[in-house]
Amino acid sequence: GNSVTQMEGPVTLSEEAFLTINCTYTATGYPSLFWYVQYPGEGLQLLLKATKADDKGSNKGFEATYRKETTSFHLEKGSVQVSDSAVYFCALRSNTGGFKTIFGAGTRLFVKA
Amino acid sequence: NAGVTQTPKFQVLKTGQSMTLQCAQDMNHEYMSWYRQDPGMGLRLIHYSVGAGITDQGEVPNGYNVSRSTTEDFPLRLLSAAPSQTSVYFCASSYGGTGVRTNEKLFFGSGTQLSVL
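Residue numbers (our numbering), protein chains in the order written: chain A, 56 to 168; chain H, 8 to 124.
It is worth saying that the hints were derived from the structure and are not from the lab. Treat the hints loosely; a few may be bogus.
Straight-line Cα separation of at most 27 Å, DSSO-like style, residue types lysine-lysine; simulated pairs [unchecked claim]: (1) A:K123 with H:K112; (2) A:K132 with A:K107; (3) H:K112 with A:K167; (4) A:K155 with A:K107; (5) A:K107 with H:K16; (6) A:K123 with A:K155; (7) H:K112 with A:K115; (8) A:K115 with A:K132; (9) H:K21 with H:K112; (10) H:K21 with A:K155; (11) A:K111 with H:K112; (12) A:K123 with A:K167; (13) A:K111 with A:K123; (14) A:K132 with A:K167; (15) A:K155 with A:K167; (16) A:K111 with A:K132; (17) A:K132 with H:K112; (18) A:K167 with A:K115.
In this text, all values refer to a predicted model and were calculated from it rather than measured experimentally.
Chain A extracted, bound-state conformation:
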């Protein structure tokens, strides 16, 4: 079945450091890939998405590229801020299995001033 694996956290960085959160997936069909972010006490919200191979999703300085050859969708940001502290979830939505969205376990990011 479909699955998403992302790096375990927590990840602790200093402000202005470079961020990478790794995500790999297994899927049948032609999935779209997503990164969602969860701030404390809130529900998840979409950060960015990519719908086909080689697409790059970007938002708020975050980027991720859909790599079909390595089945990966790593999240990157060149300079993190304290306000980026949150939990980040990689997810896929496939056109098989009822179009369900499958999530990774989440990676908690702490950014220190």
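Starting from the known structure of chain A, fit chain H onto it as the hints suggest.
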């Protein structure tokens, strides 16, 4: 705009009690779903619906029932609560029903924190 509204925000139950978690959306979304969030396990799909009158099971459906009588509402019922159901529950919806596309994002409610003693 209200978006996806979940009630209650917090609930404490005793083992064996029943309750219903409410979810309503005002975006005319055909697709609705329930997830539970547990530490280290991410979000796991409980049940989902692609339109009024249509529901199906997700990864962890045991102990939960759903129904979808209207487009707006998708309640989740715990028939006999167990400590293993202590979790944070999220309702999420998206555009599209049986014709949903893979690139449609999910809109989430703010969650219900449930403790079963």
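For each hint, the structure was consulted:
1. Simply put, A:K123 and H:K112 have alpha-carbon atoms about 20 Å apart, close enough for the 27 Å limit, and the pair holds.
2. The suggested pairing of A:K132 with A:K107 holds, with an alpha-carbon distance near 21 Å, which does not exceed 27 Å.
3. With a CA separation close to 31 Å, the supplied pair H:K112 and A:K167 exceeds the 27 Å bound.
4. This hinted pair checks out: A:K155 and A:K107 have alpha carbons roughly 17 Å apart, not beyond 27 Å.
5. Annotation: proposed proximity of A:K107 to H:K16 is violated, straight-line Cα distance about 37 Å (limit 27 Å).
6. Pair hint A:K123 plus A:K155 holds up; C-alpha atoms about 20 Å apart against a cutoff of 27 Å.
7. About 17 Å separates the Cα atoms of H:K112 and A:K115, which keeps this hinted pair within 27 Å; it holds.
8. The straight-line distance between the Cα atoms of A:K115 and A:K132 is roughly 9 Å, inside the 27 Å bound, and the hint therefore holds.
9. The hinted pair formed by H:K21 and H:K112 fails the criterion: a straight-line CA distance of about 35 Å is larger than 27 Å.
10. Our distance criterion of 27 Å between C-alpha atoms is broken by H:K21 and A:K155, whose separation comes to about 32 Å.
11. Distance hint between A:K111 and H:K112 is fulfilled; the C-alpha atoms sit about 16 Å from each other, no more than 27 Å.
12. Between the alpha carbons of A:K123 and A:K167 the distance comes to roughly 34 Å, so the proposed pair goes past 27 Å and is violated.
13. Restraint check for A:K111 and A:K123: satisfied, since their Cα atoms lie roughly 12 Å apart, inside the 27 Å limit.
14. Taken as a hint, the A:K132 and A:K167 pair is honoured in the structure, with Cα atoms around 15 Å apart against an allowance of 27 Å.
15. With a C-alpha separation of about 36 Å, the suggested pairing of A:K155 with A:K167 is violated against the 27 Å cut-off.
16. Taking the CA atoms of A:K111 and A:K132, the gap is near 13 Å; set against the 27 Å cutoff, the hint holds.
17. Proposed proximity of A:K132 and H:K112 is supported: the alpha carbons are some 21 Å apart, at most 27 Å.
18. Our distance criterion of 27 Å between C-alpha atoms is met by A:K167 and A:K115, whose separation comes to about 19 Å.
In the structure shown, a violation is registered for the earlier hints numbered 3, 5, 9, 10, 12, 15, in ascending order.
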